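Knowing the structure of chain L, use the given hints to seat chain U with the ligands on it.
Protein sequences appear in the order of chains L and U.
Read in order, the letters of the first sequence correspond to residues 1 to 293 in this note's numbering.
Read in order, the letters of the second sequence correspond to residues 294 to 467 in this note's numbering.
Treat each hint with caution, since some may be false.
[To be verified] Okay, the calculated beta carbon distance ranges per label pair:
| no. | chain 1 | residue 1 | chain 2 | residue 2 | range |
| --- | --- | --- | --- | --- | --- |
| 1 | L | Arg71 | U | Ala396 | 54 to 62 Å |
| 2 | L | Ala262 | U | Ala396 | 50 to 58 Å |
| 3 | U | Ala396 | L | Gly32 | 55 to 63 Å |
| 4 | U | Glu299 | L | Asp217 | 53 to 61 Å |
| 5 | L | Gln169 | U | Arg429 | 46 to 54 Å |
| 6 | U | Cys443 | L | Pro270 | 32 to 40 Å |
| 7 | L | Gln169 | U | Val424 | 36 to 44 Å |
Source of the hints: derived by calculation from the structure; they are not laboratory data.
Just so it is clear, the structure is predicted and the values come from calculations on it, not from any experiment.
Just so you know, even glycine gets a beta-carbon here, dropped at the ideal spot from N, CA and C.
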Amino acid sequence: MDIEEAAVKARAFSYFRAATIDQALDAHARAGDDVRFIAGGQSLVPALSLRLQAPRLLIDITHIDELRGVRREGGYLRIGALTRHCEMLSEPLIAEFAPLLHAAAPFVAHPAIRNRGTFGGSVALADPASEFPAMTLALEAEIEIAGATGTRRVKADDFFLDLFETALQPGELIAAVYVPLFKADQRFAFDELTRRRGDYALVGCGMLATCTGERIDDIRISFFSVGNTPTRVKGAEATLIGSNLDAERIAAAQAALDGDLAPPDSDEVPPAMRLHLARVLLGRLLGRLKEGV
Amino acid sequence: MSGFDESMLDGADETVRVRFVVNGRRVACEVAPRETLVDCLRNALELTGTHAGCEMGACGACLVQLDGRAVHSCLMFAVQADGAEINTIEGLTESGVIADLQAEFHRRNALQCGFCTPGMLVNAQELLSQVARPSREDIRDALSGNYCRCTGYEAIVDAIDAVAKARSEAGGTT
Ligand SMILES: Cc1cc2nc3c(=O)[nH]c(=O)nc-3n(C[C@H](O)[C@H](O)[C@H](O)COP(=O)(O)OP(=O)(O)OC[C@H]3O[C@@H](n4cnc5c(N)ncnc54)[C@H](O)[C@@H]3O)c2cc1C
Ligand code: FES
Ligand code: FES
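Looking at chain L on its own, in the form it has when it is part of the complex:
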């Protein structure tokens, strides 16, 4: 069959494999519009095959060593953009210093997709149904961006702007994500509700709390699959600070979600149902946080 007649084939493009960040940025700048970086390709390749996108140049960034590796740097864990989803499960530094990401990883897609999909790609894409972008909010992470004028660090709180829209400018790369090291007085919880394991969540949530004994000194709670961007629920967070996670405060936090979340109308999941699921999930996770599991 002729490739042009086939249903699921990408349009023609040129391909360039970059060896350094500078090469990738330079190629992007010189090629102009309609250029895409390709990392794991687990979101981009289907988009090209379905012809939702038809760039004229793909810049392969997976051979850039500077984008690789996980290491401690001061009070942070620096997670290179090319860290694969499967490494979020297998890398001991992630399990020890960013356990919330470790807990979220098994929920990201299926094993073979996790073998190629990258952490940086997931954050750059900013799919509102994705686990990792939402967790960068709960973790107060910072995104390191490489661009023509050098590198800058953007707080996760300022990174996700709208549906698939981030603080990344055209031609800029995510080099790494910095996550504050997990501390002894912190607790975390993560879960999501799906119709089928490996599917995108109907609603998902992760949280990180700093405690004195049973008391919550600080808590950051982030939801995904609830709107155009991953969403922190500041109203619910505020009701919990200073509490011992007693039943009354948990109920108050659940009620606060009405003000924090405004799920969009969709045929599949009406907003009221999504809000209900969010309240159920929040209650469950706060229960687990209290038990310390």
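Quick look at chain U with the ligands alone, frame taken from chain L:
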């Protein structure tokens, strides 16, 4: 030194030469950048054991091993695999590493039309190389991205479960 030059943008459909090791043999082929690995394997190399189903990452029929790990050959372009080592169902069959899985699938009727089977086997092998003694729940979880339209999955899970037991009793994970 950029390595990139604008002339690369002309003639986007011109083929480029890629080299990889497929099933233990070094091969080179000419591919257009937009050609997926599954199309390259099936059309250029005539290795048709790898199946193309949805071609968008949803069904798992196209799984192959790339540098030892299971990946979807519909979710990468052949040019990206330049320099890699690839094992398809043909290579895994030839080397005998999945002979026990194949025998157990056969014995338990874990295949009917067989369209999903190469992907199921690649994924089963991946799971058993990562987890020595997976629970049935682990097995179902690992297969969550593999569709089977015929068997109802139960026999597939049974077969993998049986091989996991046999392999761990034999004292190895490979
Ligand atoms: C069947 C299926 C199920 C899936 N289920 C889930 C799921 O449950 N949860 C989930 O989170 N994801 C899921 N995914 C998506 C998967 O996690 C992707 O791997 C991930 O979203 C993108 O990472 P990538 O490395 O593959 O990026 P690519 O596909 O290579 O790129 C995605 C986008 O990000 C850009 N990009 C990539 N890296 C960078 C960088 N370093 N700097 C700047 N821009 C960059 C690219 O230009 C492109 O626009 C699923 C995918 C499939 C096919
Ligand atoms: S053909 Fe690759 S997942 Fe369906
Ligand atoms: S045996 Fe027919 S699709 Fe699985």
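Against the structure, the hints come out as follows:
With their beta carbons about 45 Å apart, Arg71 of chain L and Ala396 of chain U fall outside the hinted range of 54 to 62 Å. Between Ala262 of chain L and Ala396 of chain U, the C-beta spacing of about 56 Å keeps the proposed range 50 to 58 Å intact. Restraint check, Ala396 of chain U to Gly32 of chain L: a C-beta distance of roughly 56 Å satisfies the suggested window 55 to 63 Å. Glu299 of chain U and Asp217 of chain L have their C-beta atoms about 56 Å apart, which keeps the hinted 53 to 61 Å range intact.
At roughly 48 Å, the beta-carbon separation of Gln169 of chain L and Arg429 of chain U lies within the given 46 to 54 Å, and the hint holds. For Cys443 of chain U and Pro270 of chain L, the Cβ-Cβ distance of about 35 Å falls inside the hinted range of 32 to 40 Å, so the restraint holds. Checked against the hint of 36 to 44 Å, the pair Gln169 of chain L and Val424 of chain U passes, with Cβ atoms roughly 42 Å apart.
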